[in-house]
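Engineer: Listed here are the chains, written in short residue letters.
2 protein chains.
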Amino acid sequence: MSEYRGYNGKVLEFLKQNKLKVGDTIKITTDSEQTATIMPRYEHSDDTHLVVKFKSGYNVGFGLDKIKKIEYLSGVESSQESGKPISYDPALPKILLLSTGGTIASRIDYRTGSVTPALNAQELNASVPELAEIANIDAEVLFSEYSENITPEHWIKIAQKLDSLAKSEYAGILVAHGTDTMQYTAAFLSFALAGFPKPIVLVGSQRSSDRPSSDAALNLIGATKFIIKCKTSGVFVAMHNSENDDDTACHLGTRVRKNHTSKRNAFETVGAKPAFIISGENVVQNFSGKYYTQKDYTPKIKIDPKVALVKYHPGYDPKQVEYLLELGYKAIIFEGTGLGHVGKSMYDIIKKAKEQNVFLGMTSQCLDGQVNMAIYESGRDLMHFGIIPLSNMIPEIALVKAMWVLGNDANIKEVMLKNIASEFTE
Amino acid sequence: MSEYRGYNGKVLEFLKQNKLKVGDTIKITTDSEQTATIMPRYEHSDDTHLVVKFKSGYNVGFGLDKIKKIEYLSGVESSQESGKPISYDPALPKILLLSTGGTIASRIDYRTGSVTPALNAQELNASVPELAEIANIDAEVLFSEYSENITPEHWIKIAQKLDSLAKSEYAGILVAHGTDTMQYTAAFLSFALAGFPKPIVLVGSQRSSDRPSSDAALNLIGATKFIIKCKTSGVFVAMHNSENDDDTACHLGTRVRKNHTSKRNAFETVGAKPAFIISGENVVQNFSGKYYTQKDYTPKIKIDPKVALVKYHPGYDPKQVEYLLELGYKAIIFEGTGLGHVGKSMYDIIKKAKEQNVFLGMTSQCLDGQVNMAIYESGRDLMHFGIIPLSNMIPEIALVKAMWVLGNDANIKEVMLKNIASEFTE
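Top line first, the protein sequences correspond to chains A and B. Counted from 1, the first sequence has number 180 at position 180 by UniProt numbering; the numbering is strictly sequential. Counted from 1, the second sequence has number 54 at position 54 by UniProt numbering; the numbering is strictly sequential.
Just so you know, these hints were derived from the structure itself, not from any lab. All C-beta atoms, glycine included, are put in the ideal place defined by N, C-alpha and C. A hint or two may mislead.
Residues of chain A placed beyond 12 Å of chain B at every Cβ, according to the derived structure [unchecked claim]:
1. Y88
2. E133
3. I134
4. D138
5. L142
6. S233
7. T269
8. N286
9. Q294
10. R380
11. A410
Calculated cross-link-like contacts (lysine-lysine; reagent style DSS-like; alpha-carbon spacing at most 30 Å) [claimed, not checked]:
12. A:K66 with B:K418
13. A:K344 with B:K418
14. A:K330 with B:K27
Taking beta-carbon pairs under 10 Å as the criterion, some of the chain B residues facing chain A (in silico) [to be verified]:
15. Q206
16. D247
17. L309
Required output: the full structure, derived from the provided sequences and hints.
Structural biologist: As structure tokens, this is what we get:
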């Protein structure tokens, strides 16, 4: 990354004249005097503004004509501190914190201004000293990826690692994970490890742990309390329950969705309250429906990603599905409209897909509610062609389930309709 | 449709012995005696249950062994009643109800058990006599399609018809429309007719008007009151505000989404309250942000549907985008993860798309919140490749907007980032 990334023209000259570069800590005087860090700029920058980050985490751009004085204080911060050694209390339960990356295990790189995966799980543990008071936490870095780069191969790695811990002495396992695709990973683990004898809790943060508004600490503490007190097993996602720093919500791994880009309480259980709320020392069970899981733990950790998610909309070209057939896709999950429909323009390609023995499942782009294809002509027609309505399964979860079923089972239709891990709720 | 559609084995025999067929009204005695209609059955039927619909609208399946007596009352109901002539009150405002189809203009076909578009707008008007007390409503059927079958060509027809009414004596225009793709049509009309001098209100119903739980009447009355009292113009969607039969919510046509498959209050304004609430005789403005619209009405009623919506997920195969390039797509709207990301596996195909001058816009599959691609490395990389972050535009609305821009304007990037009809909010 360049020392002047994104700066050009007058501002670039200004930086060079003052011997400053991106990442430097400065004292800047405009109407007032403040300490800040010089940030890089991105595309379409004008050449008259300098962008700095205050300690509050906010970035501000100053016009050069507003800057009365600028002073170098120090260079780029050292990017890591080492973790403290962890003390053991034999009276407390043991928990493993398995880190896979994401914001919860990251910090802002002051050189580039971007957030990068940096902290290892041990440092993270050390950065939240409250944890040592309630549990003995071992930390292990499995890999370090932002969750937009997590692939089905990563899911397999996580599942295999967790499987190896099924009979361990840990009371449960925390999986530090980026929030972008956390719901997809949670779904895969829910299916692959159905019946796992301990709680597995995916935990993330929407804001990195060096920002004052970070949710990392509360989420980690809440998830840890949940493992100690919940007396259940299964795969959950633990994140903020509101925009305040109070309660943690624990969502079923097959019913959770990230429904906001940035709010700390971005994660929601679709169509219901979160399964559990951790409020202070209390773990309150909120889950009213029946919780389906498997009695016997028989892991099925394979996958076949030849599944497509097709979101229908007016103007959708059925040729896109034609190509999926050419590519050898074995299952298509439709995100239909309303109760589970697609337009008549799709009928021919759907018939063709069925002839080629492709599994066709229907979910709804409404996300909440239940597919019901018996009410309207369109739905009836589609069932006639062999599309299987998938009740209230969330589209993304149905996608992951189909990948998992194709990797492990012979009869996709039967298993897609069977409730494996509460992916269907009443 | 067969007289015995879906029945086989023992139940089929039972029907034939009793000289009954689908659609017949019967008196059925089990534990109690009730009047009902024989419904058809769908796939995977067993051969031991008869399905009937009670007048309440509920369907029930009875095991043959539970049926003590069954009696023929009458054959298939006549499918239509003619509308009453409409009386005119010169003191009341004039409104046009333009029907395009959908549940609001449909009824259950007792022969097949499915809901089909049947009522014309005049009959609909006549079926809600309260309307004649508040407005003189003219009715016109433009076409009759379920909204899953609405295409961009239909959008053009609706827009051209509305354009021809810009200088008419109507106070506003109600557009009866199926709910499945109502948000897509509302978005197109918002862009194509930006600055239209009258209110245009799309209205639908989640349950057909011959069902006791129908929301058709309240939605029509609410939408009509809105037109009379709102003193604004623009394109809105009027639907139930709650599960009760009380208030109607009026959503901006570019900020609305169907977020539940079946609830009467399925439509929501994403990330904010509905723009207006019609409560009794009051029209309450709820819209706090600035309402962007065009001062001058200069309709732009063309479209180019060569736009794809690409929802990224772990395991997404970039070859799917490769094929879009082969098909000559001119714009791709990504539904990225979180703040607007896709995995590194997509980088090569994105660079290739950019080289071919395809417009690449980023929205978020979180739906709520705002894309921000400057925070993480992935976002920064993607902006570097030329992907344009589309702030808080809803993915489906961005798709429709791109189709509209391609049909009408030379500079897609400039217009995609310009607020035409409140598709961006603060």
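Engineer: All hints are to be evaluated individually against the structure, with a verdict given for each.
Structural biologist: Going down the list of hints, with the structure as the test:
no. : hint               : verdict
1   : Y88                : holds, 36 Å
2   : E133               : holds, 32 Å
3   : I134               : holds, 30 Å
4   : D138               : holds, 27 Å
5   : L142               : holds, 16 Å
6   : S233               : holds, 24 Å
7   : T269               : holds, 15 Å
8   : N286               : holds, 20 Å
9   : Q294               : holds, 23 Å
10  : R380               : violated, 6 Å
11  : A410               : holds, 19 Å
12  : A:K66 with B:K418  : holds, 29 Å
13  : A:K344 with B:K418 : violated, 34 Å
14  : A:K330 with B:K27  : violated, 48 Å
15  : Q206               : holds, 9 Å
16  : D247               : violated, 20 Å
17  : L309               : holds, 6 Å
The structure fails hints 10, 13, 14 and 16 (numbered hints given earlier, in ascending order).
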